[in-house]
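Student: Chain by chain, the residues:
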Amino acid sequence: MALSGNDGRRSLLPGAAAVVLVTVFLIVLLRVENQKAIIALLALGIGAVIAANRLGLLKPVARSFSEREDALGLLAIGATLAIGAVFHEDHFVLLLVCTVVLYTVATLGLSVQFGYAGVLNFAGASFFGIGAYAAAVLNQHTAIPHLLVLLIGGLMAALAGSLLLLPVLRTRGHYAAVVTIAFALLFKTFLEVNDVLGGPQGLQVRGMTILGWSFNENIEIGGIELSFYLNYFAMSMMILVLAFVVVRRLERSWIGLNLDALRLDETAAGCFGLNIVRWKVTAFLLGNFLIGVAGTLHGMVVGFVQPNNYTFADSLVLVSILLLGGIGNPWGVAVATVIVVIVPEKLQVIQEYRFLLYAALVVVVLLFRPEGLLPRPVRRYFSGWQP
Amino acid sequence: MDLGLVAQYTMNGLMLGMMYALVAVGFTLFFGVLDVIKFSHGDVLTVGAFTALASFIGLQSIGLTSDAVELLAMLVAAIGAMALLGALIARAFILPLRSAPALNTLLITLMLGTVLREAVRLFYPDGANPKPFPRLLPADSINIGNFNLRLDNAILLTAGALVIVGLQLLLNRTKLGLAIRAVAQDEETAKTMGVNFNAIVLITFAIGSALAAFAGLINGLYYNEINFGIGLYLGVVGFSAAIIGGLGSIYGAILGGFLFAGLQTIGAVALPFASAYKDVFAFAVVIALMAWRPTGLIPEKLSERV
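Here the protein sequences come in this chain order: P and W. According to the working numbering, the first sequence is numbered sequentially starting from 1. According to the working numbering, the second sequence is numbered sequentially starting from 388.
The reader is advised that the hints may include incorrect statements.
Cβ-to-Cβ under 7 angstroms is the rule here; a few derived chain P residues that face chain W [unchecked claim]:
#1 Ala-43
#2 Gly-45
#3 Val-49
#4 His-174
#5 Ile-181
#6 Leu-356
#7 Val-363
Some chain W residues close to chain P (C-beta under 10 angstroms, calculated; not the full set) [said to hold, decoys possible]:
#8 Gly-445
#9 Leu-446
#10 Arg-504
#11 Glu-505
#12 Ala-663
These are computed hints drawn from the structure, not numbers from a lab. Here a beta-carbon is modelled for each residue, glycine too, at the ideal position from N, C-alpha and C.
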């Protein structure tokens with residue numbers, strides 16, 4: 001770091017304050033049950049963000065995130081763990097937090113495809129489902145260690161993705177969209193009519209066990225009973241941190257630079273000698289792998305899989321998260337996932353209307369803030385460099 | 388397999404193909420004038436079908452019982468309302484995003500489609516469940532061996548064919564059609580020749596959406612049931628059909644529509660697996676076709692400008 005200690009601390013402060021405030025807000029939001037109080041809280045949150053934006057308080061936050069990302073990343077991990085600790089015996093909240101974490105992993109995968117390489121994927125939920133079904137089948141019928149199952153689930157999703165490689169590589173624009181959309185419909189229909197995979201009823205998924213440690217039993221330490229979802233929460237967090245680091249490093253490396261060039265102008269990138277096929281394949285398969293791993297663990301967390309959880313509409317929800325957060329910005333994706341997953345669960349009034357609201361929200365975002373809530377910042381080529 | 392059954396399957400396939408082709412033609416029209424995919428097209432179809440149903444119920448409640456008058460009223464209501472809705476969507480959501488990346492237009496219309504679909508599901512009375520659609524055409528049938536030709540199906544098929552021929556004439560023989568084709572070919576030149584670009588775009592979207600409403604009506608009369616999901620399915624199928632045919636070509640869209648229906652029929656009856664796999668088969672072939680012909684069977688004639 002080229003920054004002196006004092007300067008560094010000053011640039012860290014706004015980001016740290018933001019993380020702490022958001023964490024406290026989330027804890028209160030998750031704790032409150034009264035519907036009117038929740039509405040008031042959400043209104044307060046939205047109002048606070050708008051006010052902070054008006055007062056110019058968000059600029060320093062963005063700056064400190066771009067300058068001190070590593071430190072703030074650690075702080076964000078600590079904050080998430082703190083949320084887990086506060087709700088250590090609340091099954092429902094922990095399940096919700098696990099879902100947020102795993103959806104974030106999946107949307108990070110999509111972000112590699114859409115945001116960096118510009119490869120369209122409208123079948124995110126299908127690849128998520130491939131992982132979950134892999135977990136169901138492998139945990140039931142084989143004795144493969146469950147950590148390995150996570151890996152295999154991801155690889156299965158990548159493998160299914162590789163079946164689509166030829167059409168994905170050869171088509172462009174709208175023609176490329178139809179390939180993954182057709183796959184999403186094909187996949188759901190296939191699951192529904194295939195009796196081996198349980199048909200429309202789906203399958204049970206056995207919980208995770210690592211070295212005899214069963215994830216589906218509550219933990220008891222010194223007389224305090226902890227929810228078994230804490231196991232899954234810890235596992236999900238590990239995967240999220242790994243995925244986040246990989247995606248961030250990838251973006252900042254020369255591979256990310258190649259992917260950006262490829263997305264912005266394929267022809268020009270080709271003229272400069274970039275291997276277009278290689279990078280598109282890498283991005284598409286890596287993205288599907290991440291989505292698949294997240295899906296595998298999610299299948300084990302939830303305990304059952306059924307075709308209706310992996311429809312085209314669910315794929316669209318994943319894409320909405322991406323757009324809402326800001327395509328290509330991992331932090332934006334994380335924030336958007338929190339909004340999209342938690343708000344409808346807490347606010348029972350809108351539960352029924354959630355697809356309608358997501359869709360309307362994305363329409364509004366596209367019309368008035370097409371770069372998303374937290375747009376991807378300009379690439380920083382050197383530390384301390386300001387565009 | 389005996390000839391009567393073959394004829395029966397062919398008839399069903401033609402019926403499906405007609406619906407798919409009508410939807411696909413809409414996609415191709417929109418793509419022609421604006422180079423955009425309007426994904427809410429299928430859901431406009433749903434709203435059209437529900438508009439028709441609502442106007443039927445409205446007419447019943449004021450005591451009208453003549454089938455012909457009811458059918459005519461439903462046709463007018465659905466087509467008129469959807470033409471308006473289509474133009475409105477183009478005006479409010481597609482034209483403002485002209486300078487944005489193509490992905491944004493695709494997404495905004497996808498989401499708009501979700502809004503329409505969910506609105507039908509949530510706000511139409513009991514909209515989450517399938518609704519019976521009235522049987523308004525004469526249901527007499529002629530039996531030839533195993534082949535059972537129903538009069539209403541024959542009427543629907545003829546009506547669909549007439550609409551497509553009419554559209555063809557409109558595009559190729561009228562001044563409006565000339566303007567639409569001019570805008571599709573070269574926007575700038577069309578403008579300098581005095582074509583009102585915005586008006587032509589809105590009219591094209593109105594025509595395409597009217598076709599969707601018509602397809603929705605055919606769908607309702609054929610199956611005698613509609614639900615809020617038909618549009619999503621028909622939209623994706625129609626989009627696939629337009630794509631495998633080749634965007635921007637009316638003939639390609641028609642070809643794609645009948646091809647998809649043909650694939651489904653073959654998948655259901657002629658292949659050695661359960662007929663439930665017919666969609667899996669049809670979509671797999673669509674993906675394979677895209678790998679073989681990345682810009683459709685009848686490609687656009689323009690080369691890429693770098």
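Student: Does the structure break any of the earlier hints, and which numbers would those be?
Tutor: Those not satisfied are hints 1, 2, 3, 8 and 9.
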